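Protein chains in written order, with the working numbering: chain L, 1 to 346; chain D, 1 to 346.
Treat the hints with caution; some may be incorrect.
[To be verified] Mimicking DSS-like on lysine-lysine, the simulated pairs with C-alpha atoms at most 27 Å apart in a straight line are:
1. D:Lys3 x L:Lys186
2. L:Lys216 x L:Lys260
3. L:Lys151 x D:Lys47
[Unchecked claim] Beyond 12 Å from chain L on every Cβ pair, some chain D residues (computed):
4. Asn28
5. Cys105
6. Asp110
7. His117
8. Gly138
9. Asn192
10. Ser223
11. Gln249
12. Asn298
13. Lys302
14. Asp308
15. His314
16. Thr316
17. Thr326
18. Thr330
19. Ile332
Keep in mind that the hints were calculated from the coordinates and are not lab data.
This structure is a prediction, so every number in the text was calculated from the model and none was measured.
In this text, a Cβ means the ideal position worked out from N, Cα and C, and glycines have one as well.
2 protein chains.
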Amino acid sequence: MNKRTELSELGEFGVIERLTKSQQQTTNISTLMGVGDDCAAIMYDGKVTLVSSDCLVEGVHFDMAYTPLKHLGYKAATVNFSDIYACNGQPTQLLISLAVSNRYCVEALDELYEGLHLACQRYGVDLVGGDMASSNSGMFLSLTALGQCDKESMVRRSGAKVHDLICVSGNLGAAYAGLLVLQREKAVFLANPNSQPDLSDYQYVIERHLKPEAQKDIVKWLSDNAVLPTAMIDISDGLASETLHICKQSNVGCELYLDKLPVDYEASRTLEEFHILPDTGALNGGEDYELLFTINQNDYSKIQTNKDISVIGHITDSSCGCNLVTPQNTTIELKARGFNHYNREV
Amino acid sequence: MNKRTELSELGEFGVIERLTKSQQQTTNISTLMGVGDDCAAIMYDGKVTLVSSDCLVEGVHFDMAYTPLKHLGYKAATVNFSDIYACNGQPTQLLISLAVSNRYCVEALDELYEGLHLACQRYGVDLVGGDMASSNSGMFLSLTALGQCDKESMVRRSGAKVHDLICVSGNLGAAYAGLLVLQREKAVFLANPNSQPDLSDYQYVIERHLKPEAQKDIVKWLSDNAVLPTAMIDISDGLASETLHICKQSNVGCELYLDKLPVDYEASRTLEEFHILPDTGALNGGEDYELLFTINQNDYSKIQTNKDISVIGHITDSSCGCNLVTPQNTTIELKARGFNHYNREV
Chain L
1 MNKRTELSEL GEFGVIERLT KSQQQTTNIS TLMGVGDDCA AIMYDGKVTL VSSDCLVEGV
61 HFDMAYTPLK HLGYKAATVN FSDIYACNGQ PTQLLISLAV SNRYCVEALD ELYEGLHLAC
121 QRYGVDLVGG DMASSNSGMF LSLTALGQCD KESMVRRSGA KVHDLICVSG NLGAAYAGLL
181 VLQREKAVFL ANPNSQPDLS DYQYVIERHL KPEAQKDIVK WLSDNAVLPT AMIDISDGLA
241 SETLHICKQS NVGCELYLDK LPVDYEASRT LEEFHILPDT GALNGGEDYE LLFTINQNDY
301 SKIQTNKDIS VIGHITDSSC GCNLVTPQNT TIELKARGFN HYNREV
Chain D
1 MNKRTELSEL GEFGVIERLT KSQQQTTNIS TLMGVGDDCA AIMYDGKVTL VSSDCLVEGV
61 HFDMAYTPLK HLGYKAATVN FSDIYACNGQ PTQLLISLAV SNRYCVEALD ELYEGLHLAC
121 QRYGVDLVGG DMASSNSGMF LSLTALGQCD KESMVRRSGA KVHDLICVSG NLGAAYAGLL
181 VLQREKAVFL ANPNSQPDLS DYQYVIERHL KPEAQKDIVK WLSDNAVLPT AMIDISDGLA
241 SETLHICKQS NVGCELYLDK LPVDYEASRT LEEFHILPDT GALNGGEDYE LLFTINQNDY
301 SKIQTNKDIS VIGHITDSSC GCNLVTPQNT TIELKARGFN HYNREV
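Here chain L stands alone, though its shape is the one from the complex (with noise of 0.2 Å):
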């Protein structure tokens, strides 16, 4: 009989480095980067083009219940171009694959575009093409960013040195406080259909779930202030996951400091009430999309005068391993708990 391994043995990440280590040799010059990073990287004549696909499930990433297809669509748009940010680009076409049943009208489709081209407006983006399908249950979408950067300032996840800080934009854990508070009012409709709901204390968890944005101004910061991080990712699974791919491919340690993660008010307080320690909220909640970095020390002087990024540790030597440090000074070992995609019950 044939071997079976479950997805779930090897995990996402697994999965991705077996099929793909055969692809390690690249065939064309103008391939710069392939896989392992936040965009693939394609160089004409000194140009970099950034190339980022993200899918979209339903069921798996978005639930209808509470999504609305604006914000879908929005979104779609926005954490692909978080992608083309990691690398220190900017964003410049985007395009579509999209497969639906027919339990979807043009009208759904219509807001799901309104949400796309909403954020392609507010980005700079031209949406440019893409592709149309039938599905015979749900919605699967496909998005794939274009975006540019000079050779130069182009950023990897691989470029992190011994004695970098370790800086974060924004704050973390509020999506996921904002989708628990989502599952939460989606079980009480499905038990109390009649119940109405209140949800004006977490507007700006709700928001950082539904609608995400990219980190288009903190891009254009370190650029204006001739700061270039020398590495960078995109939080997507969760800060305590991204901060280990970075130490992988940089092939070095990490310290980071529990009391120094940058936790919103309105976050730290929702997830307290899902009894969730708001530390562990921005370790491994994800879909945050702010931007993970790492600088050499000489630009610390310029990062502190930007109060939308928090330095919140440094790397080390790989012997070092990945550490969290914690406010009594203690020593934990950083390990990823984001979602795995192939350890769900379905």
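Chain L is already provided as a structure; the job is to place chain D on it using the hints.
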């Protein structure tokens, strides 16, 4: 109550037109060509980057009962390369987004990727990235191919001129014939699981369906012989549908000669077994991934020397409409009867 327009009322192309009409104006100067051709085209410094996305949905585009995963991977790649060739470009990079349910194991994805890698190797393309996710049912693939061409040699759908000759590569209807055989064998197998199918008489048509090739050699021949098509498209939905795309976007009419349509002997015999006229299979079958293109009459003598290219008609003034000419010299209006994604029973 809100209006509900079924997707089937507008059809795939109607839906795309409606959703993208607000996006006709582009923001970035690098956006050379947006929605409405085989590829999007992006220009930096005189070099054109072509981008094409296609999605494949289990139960819609492929049936696991008779689609080996290796073939599926190969086909998913080549149909995207085909879009790049249709703009007279060379494919260089590929991204894949994949969502699968836990019905699939790692070994199944190994097979899928074996096909992808094989296609990439044969066509000289680098697999550079993508995304991987879970789905609640079935498999969904979305591939994005990137390619290159010089600005002067890029071919659009919209360049056909009155008196141009209409040409097609290879032969038509074989992929559809192969699909009919596979569907019949599936029905036989479901009725009697002990039946042993003998498919030796259908090898060519089955391969055309399961493992189509992109027309790399035709594009090379055109370039080597200095023939620049005035318009070009690849045949995914069927000759009739694609001819109408060229005519609509070039604002011209056409005459196609039924007795000039190239149909392979095995395809012809198979289609007749299913009581389908070979011409009908050639016009509406779809998934042949041959190239349909128009050339200036001055290039006729060159084209004549290539036995893999057939001249099947000519371009007329738009006032003449789009027509088929029968061997009896009667004229019938050309209509697209290819696959409509939103008109299926699901």
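Hint-by-hint comparison with the structure:
1. For the hint pairing Lys3 of chain D with Lys186 of chain L, the CA-to-CA distance comes to about 26 Å; that is within 27 Å, so the pair holds.
2. Restraint check for Lys216 of chain L and Lys260 of chain L: satisfied, since their Cα atoms lie roughly 23 Å apart, inside the 27 Å limit.
3. Proposed proximity of Lys151 of chain L and Lys47 of chain D is supported: the alpha carbons are some 17 Å apart, at most 27 Å.
4. Listed as a non-interface residue, Asn28 of chain D fails to keep its Cβ farther than 12 Å from every Cβ of chain L; the least gap is roughly 5 Å.
5. Its beta-carbon lying about 5 Å from the closest one in chain L, Cys105 of chain D breaks the requirement of being farther than 12 Å from that chain.
6. Listed as a non-interface residue, Asp110 of chain D fails to keep its Cβ farther than 12 Å from every Cβ of chain L; the least gap is roughly 7 Å.
7. Its beta-carbon lying about 6 Å from the closest one in chain L, His117 of chain D breaks the requirement of being farther than 12 Å from that chain.
8. The non-interface label for Gly138 of chain D is inconsistent with chain L: the shortest C-beta to C-beta separation is roughly 7 Å, within 12 Å.
9. Against the 12 Å criterion, Asn192 of chain D stays outside the reach of chain L, whose nearest CB is about 24 Å from its own CB.
10. No Cβ of chain L approaches the Cβ of Ser223 of chain D within 12 Å, the least distance being about 18 Å, so the stated non-interface status holds.
11. At roughly 14 Å, the least C-beta separation between Gln249 of chain D and chain L is larger than 12 Å, which holds for a residue marked as non-interface.
12. No Cβ of chain L approaches the Cβ of Asn298 of chain D within 12 Å, the least distance being about 32 Å, so the stated non-interface status holds.
13. With a minimum CB-CB distance of about 30 Å to chain L, Lys302 of chain D clears the 12 Å threshold, and the non-interface call stands.
14. Distance check for Asp308 of chain D against chain L: the nearest CB is about 26 Å away, which clears 12 Å, and the non-interface claim stands.
15. With a closest Cβ-Cβ approach of about 29 Å to chain L, His314 of chain D is found to remain outside the 12 Å limit, as its non-interface label requires.
16. Against the 12 Å criterion, Thr316 of chain D stays outside the reach of chain L, whose nearest CB is about 29 Å from its own CB.
17. Chain L leaves Thr326 of chain D outside its interface by the beta-carbon criterion, the shortest separation being 34 Å against a cut-off of 12 Å.
18. Interface exclusion of Thr330 of chain D from chain L stands, the closest Cβ pair being 36 Å apart, more than 12 Å.
19. With a closest Cβ-Cβ approach of about 29 Å to chain L, Ile332 of chain D is found to remain outside the 12 Å limit, as its non-interface label requires.
The structure fails to meet hints 4, 5, 6, 7, 8 from the earlier list, while all remaining hints are met.
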